[in-house]
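K.L.:
Could you build the full structure based on these sequences and the hints that come with them?
Listed here are the chains, written in short residue letters.
There are 2 protein chains.
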Amino acid sequence: MSIHYPAGQGPQRLAKKTIDIPTPHKSIYAKRGMSLEKEINESNQYYLATHQAVIHKKPTPIQLVHVDYPKRSAAVVREAYFRRPSTTDYNGVYKGYYIDFDAKETRNKRSFPLKNFHQHQITHLKECVAQGGICFAFIKFTELDELYILPATIVFHYWHLKEHHHRSSIPLTQIKADGIRVHYGLNPRLQYLPAVDQLIASVNKGVTHE
Amino acid sequence: MSIHYPAGQGPQRLAKKTIDIPTPHKSIYAKRGMSLEKEINESNQYYLATHQAVIHKKPTPIQLVHVDYPKRSAAVVREAYFRRPSTTDYNGVYKGYYIDFDAKETRNKRSFPLKNFHQHQITHLKECVAQGGICFAFIKFTELDELYILPATIVFHYWHLKEHHHRSSIPLTQIKADGIRVHYGLNPRLQYLPAVDQLIASVNKGVTHE
Chain A
1 MSIHYPAGQG
11 PQRLAKKTID
21 IPTPHKSIYA
31 KRGMSLEKEI
41 NESNQYYLAT
51 HQAVIHKKPT
61 PIQLVHVDYP
71 KRSAAVVREA
81 YFRRPSTTDY
91 NGVYKGYYID
101 FDAKETRNKR
111 SFPLKNFHQH
121 QITHLKECVA
131 QGGICFAFIK
141 FTELDELYIL
151 PATIVFHYWH
161 LKEHHHRSSI
171 PLTQIKADGI
181 RVHYGLNPRL
191 QYLPAVDQLI
201 ASVNKGVTHE
Chain B
1 MSIHYPAGQG
11 PQRLAKKTID
21 IPTPHKSIYA
31 KRGMSLEKEI
41 NESNQYYLAT
51 HQAVIHKKPT
61 PIQLVHVDYP
71 KRSAAVVREA
81 YFRRPSTTDY
91 NGVYKGYYID
101 FDAKETRNKR
111 SFPLKNFHQH
121 QITHLKECVA
131 QGGICFAFIK
141 FTELDELYIL
151 PATIVFHYWH
161 LKEHHHRSSI
171 PLTQIKADGI
181 RVHYGLNPRL
191 QYLPAVDQLI
201 ASVNKGVTHE
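One line per chain: the protein sequences are A and B, in this order.
Going by the numbering used here, the residue at position 138 of the first sequence is 138; the numbering climbs one at a time, nothing skipped.
Going by the numbering used here, the residue at position 116 of the second sequence is 116; the numbering climbs one at a time, nothing skipped.
These are computed hints drawn from the structure, not numbers from a lab.
Hints are not guaranteed to be accurate.
Quick list of in silico lysine-lysine cross-link-like pairs, DSS-like style, CA-CA up to 27 Å [as the list claims (entries may be wrong)]:
no.: 1; chain 1: B; residue 1: Lys95; chain 2: A; residue 2: Lys205
no.: 2; chain 1: A; residue 1: Lys57; chain 2: B; residue 2: Lys205
no.: 3; chain 1: B; residue 1: Lys176; chain 2: B; residue 2: Lys162
no.: 4; chain 1: B; residue 1: Lys58; chain 2: A; residue 2: Lys115
no.: 5; chain 1: B; residue 1: Lys38; chain 2: A; residue 2: Lys126
no.: 6; chain 1: B; residue 1: Lys205; chain 2: A; residue 2: Lys95
no.: 7; chain 1: B; residue 1: Lys58; chain 2: A; residue 2: Lys57
no.: 8; chain 1: B; residue 1: Lys58; chain 2: A; residue 2: Lys126
no.: 9; chain 1: B; residue 1: Lys95; chain 2: A; residue 2: Lys95
no.: 10; chain 1: A; residue 1: Lys58; chain 2: B; residue 2: Lys115
no.: 11; chain 1: B; residue 1: Lys58; chain 2: A; residue 2: Lys95
no.: 12; chain 1: A; residue 1: Lys205; chain 2: B; residue 2: Lys205
no.: 13; chain 1: B; residue 1: Lys126; chain 2: A; residue 2: Lys57
no.: 14; chain 1: B; residue 1: Lys57; chain 2: A; residue 2: Lys58
no.: 15; chain 1: B; residue 1: Lys126; chain 2: B; residue 2: Lys205
no.: 16; chain 1: A; residue 1: Lys71; chain 2: B; residue 2: Lys162
no.: 17; chain 1: A; residue 1: Lys126; chain 2: B; residue 2: Lys57
no.: 18; chain 1: B; residue 1: Lys95; chain 2: A; residue 2: Lys115
no.: 19; chain 1: A; residue 1: Lys57; chain 2: B; residue 2: Lys95
no.: 20; chain 1: B; residue 1: Lys71; chain 2: A; residue 2: Lys95
no.: 21; chain 1: A; residue 1: Lys38; chain 2: B; residue 2: Lys115
no.: 22; chain 1: A; residue 1: Lys58; chain 2: B; residue 2: Lys95
no.: 23; chain 1: B; residue 1: Lys57; chain 2: A; residue 2: Lys95
no.: 24; chain 1: A; residue 1: Lys38; chain 2: B; residue 2: Lys58
no.: 25; chain 1: B; residue 1: Lys126; chain 2: A; residue 2: Lys58
no.: 26; chain 1: A; residue 1: Lys58; chain 2: B; residue 2: Lys38
Example chain A residues on the side facing chain B (calculated, C-beta under 7 Å, incomplete) [claimed, not checked]:
no.: 27; residue: Val77
no.: 28; residue: Gly96
no.: 29; residue: Pro151
no.: 30; residue: Ile154
Glycine residues also receive a C-beta, built at the ideal position from the N, C-alpha and C atoms.
P.N.:
The following block contains the structure:
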């Protein structure tokens, strides 16, 4: 039986050499951003395969300008531009909860710079929190090799201080106090669902999940 | 103040003429698929602006092969291919619930052809239902101008019949019986949240939402 790919679905083998680029809006932190993204993607694959959670990274939005449709082979994008995403990078469902987060890395050792966040991400996270989603920033201190999930509400607080009081970062002490530490394990290497469980428990203490 | 776009985020004005293509895996139904997609996207924008729900269409995944980074202007994708998505097109959060669906159109008047579904969509929807998500197919009968949201569990039932008993479609009578009709209104034109409310209520009758 031959497989009929719908047009434009095409055989990926055509793409001989592929580039594994990080999300464009993080390109300043490309090298650093890669590894946390990869770690999270691997965890998500494991969680999906073991039916623990369905969380995916959203594809980078692309504005297509010119696409060739060669006969008998896959459509080829010949001119396109990266677009600014209107959401965060990751979302999905876990134990009935809507999960939404962005992954961020820093080489700083004492604080997390707020310039790593963008207004559209804050706006999106606020909308999701208002709808009862479980939202957070997944932060990695690469030099310390420490990871935390920081509830979106804490991010909003510091974003407000940035906007109105020129605050430039969130102190690590605050992240240790209000965030939940994520630990490395064997399989998946990055075990972040236990931290999400804690976040859900603390949200449920304060607010009833409909 | 000049705005510093992160590299690759670029000014969209560079892209003079842009192409508005439908999701590639639906390209056979391109013309038809367009309009339901557009209608849903408009509803989603309205629901987001009025803080009723946060539901987005996922960007089409693209495999990048060659990207130019010209000095002082936005990165240009010069060679890329469409990838097969591993999820459905739409997801988000509404009243604390994770929402996940795909939009499908048919010109048939009596039944909905199962060939409009793909295995990866069924697999993804099953995983999401297992995690307590509110999942459905958003179906439009273009010739009848009738729209329905059909619970994913009904889709699974007919997908099973297709796999094991060579069933090729879901009868409209069945969709009328098990689906929830979506009506046009003024703003947004396509008012599908009331149908989602009904689906949530019926899911809650059967299964407890954690």
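K.L.:
Would you mind marking each hint as holding or not holding in the structure?
P.N.:
Structure-based check of all given hints:
no.: 1; hint: B:Lys95 / A:Lys205; result: 18 Å, holds
no.: 2; hint: A:Lys57 / B:Lys205; result: 32 Å, violated
no.: 3; hint: B:Lys176 / B:Lys162; result: 20 Å, holds
no.: 4; hint: B:Lys58 / A:Lys115; result: 26 Å, holds
no.: 5; hint: B:Lys38 / A:Lys126; result: 25 Å, holds
no.: 6; hint: B:Lys205 / A:Lys95; result: 18 Å, holds
no.: 7; hint: B:Lys58 / A:Lys57; result: 10 Å, holds
no.: 8; hint: B:Lys58 / A:Lys126; result: 19 Å, holds
no.: 9; hint: B:Lys95 / A:Lys95; result: 15 Å, holds
no.: 10; hint: A:Lys58 / B:Lys115; result: 26 Å, holds
no.: 11; hint: B:Lys58 / A:Lys95; result: 22 Å, holds
no.: 12; hint: A:Lys205 / B:Lys205; result: 25 Å, holds
no.: 13; hint: B:Lys126 / A:Lys57; result: 19 Å, holds
no.: 14; hint: B:Lys57 / A:Lys58; result: 10 Å, holds
no.: 15; hint: B:Lys126 / B:Lys205; result: 19 Å, holds
no.: 16; hint: A:Lys71 / B:Lys162; result: 31 Å, violated
no.: 17; hint: A:Lys126 / B:Lys57; result: 19 Å, holds
no.: 18; hint: B:Lys95 / A:Lys115; result: 31 Å, violated
no.: 19; hint: A:Lys57 / B:Lys95; result: 23 Å, holds
no.: 20; hint: B:Lys71 / A:Lys95; result: 47 Å, violated
no.: 21; hint: A:Lys38 / B:Lys115; result: 34 Å, violated
no.: 22; hint: A:Lys58 / B:Lys95; result: 22 Å, holds
no.: 23; hint: B:Lys57 / A:Lys95; result: 23 Å, holds
no.: 24; hint: A:Lys38 / B:Lys58; result: 20 Å, holds
no.: 25; hint: B:Lys126 / A:Lys58; result: 19 Å, holds
no.: 26; hint: A:Lys58 / B:Lys38; result: 20 Å, holds
no.: 27; hint: Val77; result: 4 Å, holds
no.: 28; hint: Gly96; result: 3 Å, holds
no.: 29; hint: Pro151; result: 16 Å, violated
no.: 30; hint: Ile154; result: 20 Å, violated
Hints 2, 16, 18, 20, 21, 29, 30, counting from the list given before, are not met by this structure.
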